[in-house]
Amino acid sequence: PDYQWHPRVARLLVTAMQDAWETTPGDERYGLHLQGPPGTGKTTSVLQFCAALGTPCVSVEADVELDIKSLMVDARVENGTLDKRYGVLRQAMEGGYPFVLNEWDNAQPGLLTKIFGILDNGTYVADDGEVVVAKRGFLLVLTSNAGGNGDLTGYTSGARRQSEALKRRVKGLYLDYASMAEEEDYLRKRLGLPAKVVRPFVKVAEQTRQQYRAGLTGQIGAGATVPLNAAITRQQLAAFLLRSGYRYGG
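Numbering (the working numbering), first residue to last: 54 to 303.
The hints are simulated quantities; they were obtained by calculation from the structure and are not laboratory data.
Don't take every hint at face value.
Said to hold, decoys possible - Only pairs whose alpha carbons sit at most 30 Å apart, straight line, appear in this in silico BS3-like list of lysine-lysine: (1) 188 - 224; (2) 167 - 188; (3) 122 - 167.
Since the structure is predicted, the reported quantities are computational estimates derived from the model, not experimental observations.
Sequences and hints are given; from them, build the entire structure.
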């Protein structure tokens, strides 16, 4: 209930979910791509949105070994017998609810081509010819730090350059860290602490964020002796304040 929505993210999710519910099976559709630094709410915003709607949502982390086939069919050997079950992506497609693929650009580009059909019209054609069609309400959301452009600066380790054809099939939005004023307001309300306690922590966090942004673009600040490859997130800020022992008594 205390989740702080970014207006642009909220508008995008409302529109995308409405379109997903109005899209009949097999019709043209699109996916979402939320890009930004770690800790800016790319995944959390989708999960919180679905929670507010009371609809399921599945979130999976991508890596170099990701295979879309394994997300459609979960095959395992039990007691010497091959047992095949529907994978989490197929369950989301046929159940009609959002599926989030986090850090999608960590996967091998060639292994993501099967996503094209899912993004275009909500269909997946298995190797055996079976066609899986997404129901109303299904939405594929991709999240990443590098945006599918690869690790250009050494700050997004593991990210791989992805197909432009895939990126054209999604509507993108860049999420950045909250401003100092927004961060201070959120933490004061969330933790019940006065501004004089919260503000110094927010200032330090903002310094790390500026240096991290500079590193992402390859432009390290003149005053930095060592580039930062991570920034303090909102979650970390709240944890620091709680562990510091501050309690506001009025």
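Results of checking the hints against the structure:
{"no.": "1", "hint": "188 - 224", "verdict": "holds, 20 Å"}
{"no.": "2", "hint": "167 - 188", "verdict": "holds, 18 Å"}
{"no.": "3", "hint": "122 - 167", "verdict": "holds, 8 Å"}
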